[in-house]
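Residue numbers (the numbering used here), protein chains in the order written: chain S, 1 to 323; chain R, 1 to 323; chain H, 1 to 323; chain U, 1 to 323.
Hints are not guaranteed to be accurate.
The list makes no distinction among identical chains, and a pair is therefore deemed to hold if it is satisfied within one copy or across any two copies.
What the hints assert, rightly or not - With a Cα cut of at most 25 Å, we get these calculated SDA-like pairs of lysine to any residue:
1) Lys-43 / Glu-53
2) Lys-93 / Ala-294
3) Lys-43 / Leu-21
4) Lys-43 / Thr-55
5) Lys-146 / Pro-70
6) Lys-146 / Arg-191
For the record, the hints were derived by calculation from the structure and aren't laboratory data. Since the model is a prediction, treat every value here as computed from it, not as a measurement.
The residues making up each chain are set out below.
Number of protein chains: 4
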Amino acid sequence: MTDFDVPATDADTVAGYFDSLGNWGRWGDDDRLGTLNLITPAKRRESAALIREGTAVSLSRDIDPEHPDPLHTGIAVVQRFMQIGEVSHHVGKDGSRFDSVTDYVGIAAHGSNTHLDGLAHYSWDGRMYNGYVVDDEVTSIRGSRKLSVSDAGKGIVSRGVLLDIPALHGVPWLEPGHPITVAELEEAERRQGVTVGSGDVLLVHTGHVARTLEHGVEVLNGLAKQAGLHASCLPWIRERDIAALGSDAIQDVQPSGYPDLSFLRPIHTVGLVALGLWLIDNLELREFVEALRAGDRYEFFFAMLPWRLKGVTSSATNPIAIL
Amino acid sequence: MTDFDVPATDADTVAGYFDSLGNWGRWGDDDRLGTLNLITPAKRRESAALIREGTAVSLSRDIDPEHPDPLHTGIAVVQRFMQIGEVSHHVGKDGSRFDSVTDYVGIAAHGSNTHLDGLAHYSWDGRMYNGYVVDDEVTSIRGSRKLSVSDAGKGIVSRGVLLDIPALHGVPWLEPGHPITVAELEEAERRQGVTVGSGDVLLVHTGHVARTLEHGVEVLNGLAKQAGLHASCLPWIRERDIAALGSDAIQDVQPSGYPDLSFLRPIHTVGLVALGLWLIDNLELREFVEALRAGDRYEFFFAMLPWRLKGVTSSATNPIAIL
Amino acid sequence: MTDFDVPATDADTVAGYFDSLGNWGRWGDDDRLGTLNLITPAKRRESAALIREGTAVSLSRDIDPEHPDPLHTGIAVVQRFMQIGEVSHHVGKDGSRFDSVTDYVGIAAHGSNTHLDGLAHYSWDGRMYNGYVVDDEVTSIRGSRKLSVSDAGKGIVSRGVLLDIPALHGVPWLEPGHPITVAELEEAERRQGVTVGSGDVLLVHTGHVARTLEHGVEVLNGLAKQAGLHASCLPWIRERDIAALGSDAIQDVQPSGYPDLSFLRPIHTVGLVALGLWLIDNLELREFVEALRAGDRYEFFFAMLPWRLKGVTSSATNPIAIL
Amino acid sequence: MTDFDVPATDADTVAGYFDSLGNWGRWGDDDRLGTLNLITPAKRRESAALIREGTAVSLSRDIDPEHPDPLHTGIAVVQRFMQIGEVSHHVGKDGSRFDSVTDYVGIAAHGSNTHLDGLAHYSWDGRMYNGYVVDDEVTSIRGSRKLSVSDAGKGIVSRGVLLDIPALHGVPWLEPGHPITVAELEEAERRQGVTVGSGDVLLVHTGHVARTLEHGVEVLNGLAKQAGLHASCLPWIRERDIAALGSDAIQDVQPSGYPDLSFLRPIHTVGLVALGLWLIDNLELREFVEALRAGDRYEFFFAMLPWRLKGVTSSATNPIAIL
């Protein structure tokens, strides 16, 4: 696979991305939206035009309190508590013909559930996107005063593009730890006849879910090995000006190839902190990829609607595509 | 307001709706989607054509753990717990230049937050929509095996229509307890030049949020008085075959006008159980209604994407409209 | 009530208590037990000798998720979630003759439940008891590394003494906001024939529960008015070297008489931080006081057994007395 | 080990214990205390006389949210969430010299934490102790209306006796799955010079914690193998009329020797349901056993003080012994 050799990109180069690729100040000193600024009204109109058949596909994994992490790839806290018979509880069995069930749900969405990473999730040298200082903005009581997922309250509705890297290689899935390069992304674009552009939501298919269900997870030093983008893709991501990045794994290749812990997940760190790029972890793409391949069509209407929950760094919600 | 007198509809008549209006079996004996079956591919294409300007508006109230119920109209459990400094916690302050914040969120969405009511939320004589038996399907450990919000995993994406009842009356808001009638709904349609049809998501504007913020809530027998649809609207709802019903209050007028507890909330009870109609409680419509009035346009692209969380009767998520 | 006038004690004097009354270093620079050091083996033997009849009385309020704060005096988060039918859930109704129920309990014990305040609960100028620095020791992930209630793992078992202040005044309860003085404490000792000494657990009866159930709570500036010890009692508390202090209210009189927020609760602040004094809030003493009065006996065996839960500032547990 | 062969006791015999050993009705038809009725005032006086040195030892494992199950023997949900800087959160950093930290604790005590099993924990043929019907008494909203741990609000304070089975065999610990017999219990009594009697709290030392920390847990069919009492001990337990039974494992030997799931844990099932016997799971006895052996003394003051939490089947609390 000579054409797709990982380019030499040392840790200092990656550290330099915080300056060279940064979007700080690009949309104002008090901006909290980061790359979601790239989703313009025109972009939403463009996405609408991609609804041709009208078929919708969920891109989310099930969230199941009884099986919170079927892939065994991470941490997953999902609690569901039921209150059954609310009305009869108060008035007795014969007090009412109608009755009701309610529930309490607790979730730590970071982990192996499908979720949006808000921009407050990661920091570098104590600063979050746009220079916000963690120590000033994040407290145990209030949560993150800035860069909460609630800032994305208008939703993430845009043109979606999926790049199908296993198909590029003619394999059902990438091997765990496979670092995806710019060369692969661009070859996939050519092969699929699609070009990633400003304001797009880019989904990268790795086959991680299918492989893990078949062969189980490979753990290295406590970390699940996963195919994903190599740090050298960061300038390309910035250049293409995508609005959000998602994958059926966690975007970053694991291990990243950098022994220094600071560079454990460069796509996350540079993406969230420098670019203000919203990330969508742990998608379920199997059904969707089949549909895309069948239609030989890789652009689509994409929607993800984060909670308007104040002060949090994650939102478990259900992204969909419409073809 | 003679034209809009509430029609005589006694409790027996409402009880009869469970048979006369019921959708049980209409989409098969094992159907779990209810009125979401009415959102066809064609309907999604129709909704796409309504994205004209490309401006998105959130229809959700903020969910704020520090102010879980700013209207004081109900119960609202929202917990947010932060884990700050995950990386430095494990490796020390100097161990990494990157660090991370994560969170645990707990929510009992039924109450005064914006949320979707799943079909397992209510029952009548021990049965849920399509005849599922509560005692067979709902347990404290597994939750609701049938009719969970996760069944709506493809999302609720359709044409939205808003009927602006305060505008019909030339008032800023309806008084708490105002029962909205079919006559008002149809007069609002005429006035606004819009017709509610099959598969639509109908939003009914009552002005509840604006009024409550101005004057506070009025509580009667422990229940917040709210304007909403009178039980006599149920045949109309069934006839129009809407896919989902939302409001800036809770759809049902409170009090309902029926002293028997069984008829506390007929729109909820008949809607969820007999029709299989998904309900969206507690919207925030103030900004949106201004935009609609300004554009004199009352149909729009609507999207709500419930969690794929198994076994639950509610999903707090953030519905949006795009004009 | 001239004899019991509150002595002039200005805020500077109270601030001075942090130095003049402090136990920092008294039991070593790394001490975490504070006044629990005063409960010696001899003290436990002394307490054992007070078990004469062998009758036990709980001094705890009920903790009831359905009525978490019956007095309406504070915040009370108590969650109870049941898992019913664990065995049949897995193997079906006929799979086993035995079955099991389990539960999840969530509690924020600070508030109106009966609980132990650990020494990490309060700080003064950023420092906790014995000089531990809050910013160094307390994090959102690990909790409080020092001074957790788990440090009291051997339990608080000692001689208990109750001072019955309403009885001193011949009234059923003290009025909310009544500041108890040293003069009253000592007059109560004389009247009851009991002397508070080193290592004792002192319980101060105010009648707060009985009064609040009868007349409701009085709230002033968002704070429940409660009878309790005036700040001028602090030197006396230090001099008597008590091991723990409890009350049917919260020890501190509310309001404290000091407009400066720093002195909102001087007994809590000086007690926990300077003295390392463990506090037991919100006891239920009604039944117990009746028994003590009937027997004209005010010393007893006392036990409270905090959780060995690492890193927390509170423990909801059930103190008992044995006569 | 011929002397200690497990007596032939077939499943039908164990099933017969529900009748032959049952305490239903013994203390009245509405009794909720079961064997705690055996802790009389005289028994508490007897326990007081056992406080000779005055040294206290905790018998609880640490409860640590970061390491909820260090033995890897079961399920352990322990959540700790901190609220740091409550005062400065509201009034700013300079608003007050005092500040406060509070916490929320969530725990599912059944599992591998030290906890009391309340009588509502297990049922047989749908009935709990004293004939209470699970379906009538336990709901997801209210919890268990009968037989909650709060019924033990006066605490479990009595004479404690420890039987040291590894010492009997001259080994550091029993092997996992070792079934303890009546012969061993009685031989341990003779060897230790102690006799278990009415109202006692019996603690059985197996060495489970020490062994598991050294060699890890052995799991068989999903269940941790543990030494514990064989079902044939049940008549002896009933005959001795103990008030509570605890162990450093879970009382029951695992596996129990009975293939039928109904007899997975006969000590738990017959104990809780038929006898109304309160069980204390997962003690930490290492330090305590050393002290007992050093003093050659096996009776002591025992105290465990369950929460007064309504409706629950478990209480995580910290039992202590005083020598």
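Verification of the supplied hints:
Taking the shortest Cα distances, Lys-43 and Glu-53 sit within 25 Å of each other both inside one copy (19 Å) and across copies (10 Å). Taking identical chains as interchangeable, the C-alpha atoms of Lys-93 and Ala-294 are never at most 25 Å apart, the minima being 54 Å within one chain and 45 Å between chains. For the identical chains of this complex, Lys-43 and Leu-21 are intra-copy neighbours only, at 23 Å inside a copy versus 42 Å across copies, given an alpha-carbon limit of 25 Å. Taking the closest pair of Cα atoms, Lys-43 and Thr-55 come within 25 Å of each other both inside a single copy (20 Å) and across two copies (10 Å).
Taking identical chains as interchangeable, the C-alpha atoms of Lys-146 and Pro-70 lie at most 25 Å apart only when they sit on different chains, with a minimum of 21 Å there against 33 Å within one chain. Proximity of Lys-146 and Arg-191 under a CA criterion of 25 Å is satisfied in neither setting, with 41 Å inside one chain copy and 43 Å between copies.
Hint violations for this structure: numbers 2, 6, all remaining hints satisfied.
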